[in-house]
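Colleague: Each protein sequence line maps, in turn, to chains A and B. The first sequence begins at 61 in this note's numbering and counts up one residue at a time. The second sequence begins at 522 in this note's numbering and counts up one residue at a time.
To be clear, the hints were calculated from the coordinates, so they are not data collected in a lab. Be careful, since some hints might not be right.
Below 25 angstroms or equal to it, Euclidean Cα-Cα: the simulated DMTMM-like pairs (lysine to aspartate or glutamate) are [said to hold, decoys possible]:
(1) Lys1109(B) / Asp1124(B)
(2) Lys1197(B) / Glu186(A)
(3) Lys596(B) / Glu77(A)
(4) Lys142(A) / Glu186(A)
(5) Lys142(A) / Glu114(A)
(6) Lys596(B) / Asp88(A)
(7) Lys686(B) / Glu653(B)
(8) Lys596(B) / Asp210(A)
(9) Lys860(B) / Asp1071(B)
(10) Lys596(B) / Glu534(B)
(11) Lys963(B) / Glu181(A)
(12) Lys596(B) / Asp100(A)
(13) Lys1197(B) / Glu77(A)
(14) Lys686(B) / Glu704(B)
(15) Lys1037(B) / Asp974(B)
(16) Lys142(A) / Asp620(B)
(17) Lys1197(B) / Asp70(A)
(18) Lys142(A) / Asp644(B)
(19) Lys803(B) / Asp88(A)
Coverage of chain B stretches by chain A, computed from C-beta distances (three or more under 8 angstroms per stretch; other residues unrestricted) [claimed, not checked]:
(20) 583 to 595
(21) 1041 to 1049
(22) 1071 to 1084
(23) 1107 to 1117
(24) 1206 to 1219
(25) 1267 to 1280
Virtual Cβ for every residue (Gly too), placed ideally from N, Cα, C.
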Amino acid sequence: MQVTMTVNGDEVTRDIEPRLLLVHFVRDHLGLTGTHWGCDTSNCGTCVLWMDGEPVKSCTVLAAMADGRDIRTVESLEVDGKLDPVQEGFLREHGLQCGFCTPGMLMTARWLLDRNPDPSEHEIRETICGQICRCTGYENIVRAIRWAADHPAGAEAEEMSA
Amino acid sequence: MSTGEATTTPVSEAGNPIGFGRMLRKEDARFLRGRGNYIDDINPPGTLHAAILRSPLAHARIVSIDTSAAEAHPKVKAVITGATLETLGLAWMPTLSQDVQAVLATDKVRFQGQEVAFVVAEDRYAARDALELIDVEYEPLDPVMDARRSLDVNAPVIRDDVEGKTDNHIFDWEAGDRALCDEVFARADVVVRQDMLYPRVHPAPMETCGSIASMDKVTGKLTVWTTTQAPHAHRTVYALVAGLPEHKIQIISPDIGGGFGGKVGIYPGYVLVVVGSIVTGKPVKWVEDRSENLMTTAFARDYHMRGEIAATRDGTITGLRVNVIADHGAFNGTAQPTKFPAGFFHIFTGSYDLEAAHCGVTGVYTNKAPGGVAYACSFRVTEAVYLVERMVDLLADELGMDPAELRMKNLIRPEQFPYTTKTGWEYDSGNYPRTLQVALDKAGYPDLLRRRDESRRRWAAAGGTTDQPGAGGEHLLGIGLSFFTEGVGAGPRKHMDILGLGMADGCELRVHPTGKAQLRLSVQTQGQGHETTFAQIVAQELGLPPEDIDVLHGDTDNTPFGLGTYGSRSTPVSGAAAAVVARRVRDKARVIAAAALECSPDDLEWEHGRWYVKGDPEQGKTIQEIALLSHGNLELPEGVEGHLDASVVYDPPNLTYPYGAYICVVDVDPGTGQVKVERFIAVDDCGPRINPMIVEGQVHGGLADGVGMALMQVIAFDNDGNCLSGSFMDYLLPTSLECPSWELDETVTPSPHHPLGCKGVGESATVGSPAAVVNAVIDALEPFGVRHADMPLTPAQVWLAINGRPTRTDIAAS
């Protein structure tokens, strides 16, 4: 079957098997490997991306269900060489270690701050509780999202360390 | 509180510390943009995809395998069975513990999920489809699921592939002085005994395991991209297993999405992609799914322990002994040093000075997945710390003493270091009482005790009793302590090897003519931030800005040999290697600077990346200037070669011994058994911290691990051999809501034998925290007279404990 959708602002059309999962569509068919796959069962959230502005677990969404929809992945967060404040927050507060859950966490964090620019610690924890991180114990992810809330336009352009 | 020496670290133009200090991570630039390069992101041209058919039964004879329908699938390129492998001599592979493991089952299947057939197809969906087309006929056999009954005389023999094998016994091993221990126990005022289980758990990194093999038949070169924490060890094992020439094997470990020990071993899937590539002539990729990950790749623990502690009436601990049945699953696949089949379990005397200790460990086969290595700490220190810290709490309960007071009374005193334990470890350094006091102060311990007692009064006043635990809806507070000592940084090569490969690490440093450097490591990061931390080590030693130092790792063609990252060994071993190699470069730079300045090297002094003439600081050369000189036409002294490079192999003289004091505060709802971790205070002493931000992050993650293992995680089975924990719906991991905001602090006691004084910290929190959580829950349950309940302390288990019948958590009642 054929699907057409907008992915990170570009319209894409592909012939696919009806059973193809959205996570495999963006990774294997579009080469957007920032979205990861982690569990099959909607438990880990490393595959979170946006469909029509809402975070979804793309391991349990068929690519066919995304036909005509607007998809956004982690690759869309940086604009014109400027990191999104949530990306900057994760950098500055050490909100990532192995980096595998990070793309999903970033997408959920951006969604939260778009709706609630000043979330409490508990609101942050509730929002990311469907996503598992095995490295950070969540502490610095919470701080990273709070950093982004406190710096809605990012910090002054500072050179990244690398 | 920091008791380390205050030093001022210079700052580079980019704002980074030229040496130790908080520095944002270099590797984050790619991860934040979704540009990490993990195993499943790699697709060499023409890559085929593989899937593994696995056994639905835990123990069965294979009667027949019919692959004809799968082979007829239009997208299938190859179907491989154990019979195929037998013709190649590859049906069995050596494990890291002198056993063998089936790559694909030939005679029997020995655990649910065991590899039976391997399909290579054009895409991952077709490979899965083809698995459905393979018809295997099994003759079921009785499985052995209970380690405690595996040595029964009538137990089915699992490993009848081993000639003459008539039971499920693997090894007996002991440490300590049994006779002296018996004597100490015989004259003890108080002896406390407890059976306890450290259940089977799985590290469950967010990225599962996977591998891609590409065999170039023209050049004979095998390239393997694989999720490994130990790429060099893997290369040698591939050479041994497949008989391939080692110089034609390149192992590339790309970005790793978490390892925690689960990516140390070599799994059948890794071997099968190599076979698949040889058979098809194409690159072959296999990435396991989450169920495969949880059910078949390295589990951890599964230690059934009987502990006994002896003491005087006034609370002086005199002896500790333990007998263990260690469940190793169907094949002995642990990755322990050859001399130590139970790893470092004999560090079970913990942080206490006592008269005698003895442990005996019996390893057994069961019809469960093989492994036993994984999950920080891989070397069984986690089990050891849990044992001793539970036993000390049980003793405190028996004596009516405060657990903090009992610990403080028995901790090894600062003046006793270096301290040789009763099982032969030489602890390098420590000031244990100070660290415990810092933790007690930070927790506000006396106030916590008051709050706990108040919660008990309120609960009782509301009508709470054993029969009416939830009366009035009042909750109970519990406080748990744990004081741990780890031995990490394996290890001195004379004592420690795996498959005969000594645990030393190579390291190479090249300073280019313009003063920019590359450091090549043998260890491999899985999120620990090596690209940052190791650059900081070289910066500290050479005065180069860390942004001018690139760290290369994870590619055996481009890095020196070493045994890899596990057991918290990267900083203790490779970190030392990096410091030593940088010092060698610095020494060489001194000779070159002296030649350029026409003075003796002895006339030079070093400061902030510059050799200068004593008493004339204007006369000097920076390390960057020296780098250019070393590559130029400056006449060098006799015997000094050009260029500013060096390489070392670091053989650690001893392990390092990080330690810490942890305090957990829990809120228990006795009506439901629900436990909430209210506070967790962790004071770690890992010596000087190269990058405090990274150290704290590692501690955070380990604490979450501990909460998960104590309260949620278990790989359980039923008596028919079914794994009951094969997905994240059943194998519960802590989320942001189960974790409190961690409260950290530190003390700093450098290791006297590490060049930087560093001790390693990667596993400390995972090792130290479970006992604190369990001790806290048992403390909360004091009104019910609960002495012990095995992990995980799920609401059901807590509720059963309240009702006087805590249960086995590893096997479902049938």
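Colleague: Take the hints in turn and mark each one as holding or not.
Modeller: Evaluation of the provided hints:
Restraint check for Lys1109(B) and Asp1124(B): the C-alpha separation of about 14 angstroms stays at or below 25 angstroms, so the hint holds. Straight-line distance between C-alpha atoms of Lys1197(B) and Glu186(A) comes to about 15 angstroms, which keeps the hinted pair within the 25 angstroms bound. Using a Cα cut-off of 25 angstroms, the hinted pair Lys596(B) and Glu77(A) holds, with the two alpha carbons roughly 14 angstroms apart. Distance check on the hinted pair: Lys142(A) and Glu186(A) sit about 28 angstroms apart at the alpha-carbon level, beyond 25 angstroms; violated.
Distance hint between Lys142(A) and Glu114(A) is fulfilled; the C-alpha atoms sit about 23 angstroms from each other, no more than 25 angstroms. For the proposed pair Lys596(B) and Asp88(A), the alpha carbon gap of about 17 angstroms is at most 25 angstroms, so the pair holds. Distance restraint check for Lys686(B) and Glu653(B): the Cα-Cα separation of roughly 35 angstroms exceeds the 25 angstroms cut-off, and the hinted pair is therefore not satisfied. Proximity of Lys596(B) to Asp210(A) is assessed by CA-CA distance (about 53 angstroms); at most 25 angstroms being required, the pair is judged violated.
Proximity of Lys860(B) to Asp1071(B) is assessed by CA-CA distance (about 37 angstroms); at most 25 angstroms being required, the pair is judged violated. Of the pairs offered as hints, the one joining Lys596(B) and Glu534(B) is violated, with about 56 angstroms between alpha carbons and a cut-off of 25 angstroms exceeded. Proposed proximity of Lys963(B) and Glu181(A) is supported: the alpha carbons are some 22 angstroms apart, at most 25 angstroms. Of the pairs offered as hints, the one joining Lys596(B) and Asp100(A) holds, with about 23 angstroms between alpha carbons and a cut-off of 25 angstroms not exceeded.
For a cut-off of 25 angstroms, the pair hint linking Lys1197(B) to Glu77(A) is broken: about 45 angstroms separates their Cα positions. Straight-line distance between C-alpha atoms of Lys686(B) and Glu704(B) comes to about 37 angstroms, which puts the hinted pair past the 25 angstroms bound. For the hint linking Lys1037(B) to Asp974(B), the alpha-carbon distance of about 61 angstroms lies beyond 25 angstroms, and the restraint is violated. As the CA atoms of Lys142(A) and Asp620(B) are separated by approximately 54 angstroms, the hinted pair breaks the 25 angstroms bound.
Between Lys1197(B) and Asp70(A), the direct Cα distance comes to roughly 46 angstroms. Violation of the 25 angstroms bound is thereby established for this hinted pair. A distance of roughly 37 angstroms separates the Cα atoms of Lys142(A) and Asp644(B); the hinted pair therefore is violated under the 25 angstroms criterion. For the suggested pair Lys803(B) and Asp88(A), the alpha carbons sit about 18 angstroms apart, so the restraint of at most 25 angstroms is met. As drawn, the stretch 583 to 595 of chain B meets chain A at 0 residues by the rule of a beta-carbon pair under 8 angstroms; below three, the given contact is violated.
Remark: the stretch 1041 to 1049 of chain B is confirmed as covered by chain A, as 3 of its residues place a Cβ nearer than 8 angstroms to a Cβ of that chain, reaching the required three. For the stretch 1071 to 1084 of chain B, the stated coverage by chain A is not satisfied: 0 residues place a CB nearer than 8 angstroms to a CB of that chain, which falls below the threshold of 3. With 0 residues carrying a beta carbon less than 8 angstroms from a beta carbon of chain A, the stretch 1107 to 1117 of chain B misses the three-residue requirement, and the given coverage is violated. Using a Cβ-Cβ cut-off of 8 angstroms, 5 residues of the stretch 1206 to 1219 of chain B lie near chain A, which meets the minimum of three, so the contact claim holds.
Remark: the stretch 1267 to 1280 of chain B is not confirmed as covered by chain A, as 0 of its residues place a Cβ nearer than 8 angstroms to a Cβ of that chain, below the required three.
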